[in-house]
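J.: Sequence:
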Amino acid sequence: RKYQAQQLQATPKWADETCIQEKYDLAVLKTKALGISHEVDHIVPLQSKTVCGLHVEDNLCVLPRSFNIKKGNRSWPGMWL
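The sequence shown maps to residues 3 to 83 in our numbering.
One or more hints might be untrue.
[Unchecked claim] Okay, derived cross-link-like pairs now, SDA-like style, lysine to any residue, Cα gap no bigger than 20 Å in a straight line:
#1 K15 - D60
#2 K73 - P14
#3 K34 - V64
#4 K73 - Y26
#5 K32 - N70
#6 K25 - P14
#7 K25 - S68
#8 K73 - S39
#9 K32 - F69
#10 K25 - S39
#11 K25 - D43
#12 K15 - I38
#13 K25 - G37
#14 K34 - A12
#15 K15 - V58
#16 K72 - I45
#17 K72 - L62
#18 K72 - I38
#19 K73 - L48
#20 K25 - N61
#21 K32 - E59
#22 K32 - R67
#23 K25 - G74
#24 K32 - C63
#25 K15 - E59
#26 K72 - G55
#27 K15 - K25
#28 K72 - V53
Since the hints were derived computationally from the structure, they do not count as laboratory data.
Please work from the sequences and hints to get the whole structure.
T.: As structure tokens, then:
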């Protein structure tokens, strides 16, 4: 429930809910088609010690669950620049 509350708080009014839902639908389809669990990942984490991303379509990607677990909320593109 805490994670869902964070998502709601991080979702701006201008977010495209249809595109966001399509990402979650794609994760389900990939899981069924490939037999490997897929998840929707926030590229820039919703919460970390140094940055907070938004719950918007451009900050979401679908990837295998094992990759998402390894990534955690410790890294994101360009963090070392």
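J.: Take the hints in turn and mark each one as holding or not.
T.: Against the structure, the hints come out as follows:
| no. | hint | in the structure |
| --- | --- | --- |
| 1 | K15 - D60 | holds, 14 Å |
| 2 | K73 - P14 | violated, 25 Å |
| 3 | K34 - V64 | holds, 14 Å |
| 4 | K73 - Y26 | holds, 19 Å |
| 5 | K32 - N70 | holds, 15 Å |
| 6 | K25 - P14 | holds, 17 Å |
| 7 | K25 - S68 | holds, 18 Å |
| 8 | K73 - S39 | holds, 15 Å |
| 9 | K32 - F69 | holds, 14 Å |
| 10 | K25 - S39 | holds, 14 Å |
| 11 | K25 - D43 | holds, 9 Å |
| 12 | K15 - I38 | violated, 33 Å |
| 13 | K25 - G37 | holds, 18 Å |
| 14 | K34 - A12 | violated, 29 Å |
| 15 | K15 - V58 | holds, 10 Å |
| 16 | K72 - I45 | holds, 13 Å |
| 17 | K72 - L62 | holds, 16 Å |
| 18 | K72 - I38 | holds, 15 Å |
| 19 | K73 - L48 | holds, 13 Å |
| 20 | K25 - N61 | holds, 11 Å |
| 21 | K32 - E59 | holds, 18 Å |
| 22 | K32 - R67 | holds, 11 Å |
| 23 | K25 - G74 | holds, 19 Å |
| 24 | K32 - C63 | holds, 12 Å |
| 25 | K15 - E59 | holds, 12 Å |
| 26 | K72 - G55 | holds, 19 Å |
| 27 | K15 - K25 | holds, 18 Å |
| 28 | K72 - V53 | holds, 18 Å |
Checked against the numbered hints listed earlier, the structure breaks hints 2, 12 and 14; every other hint is satisfied.
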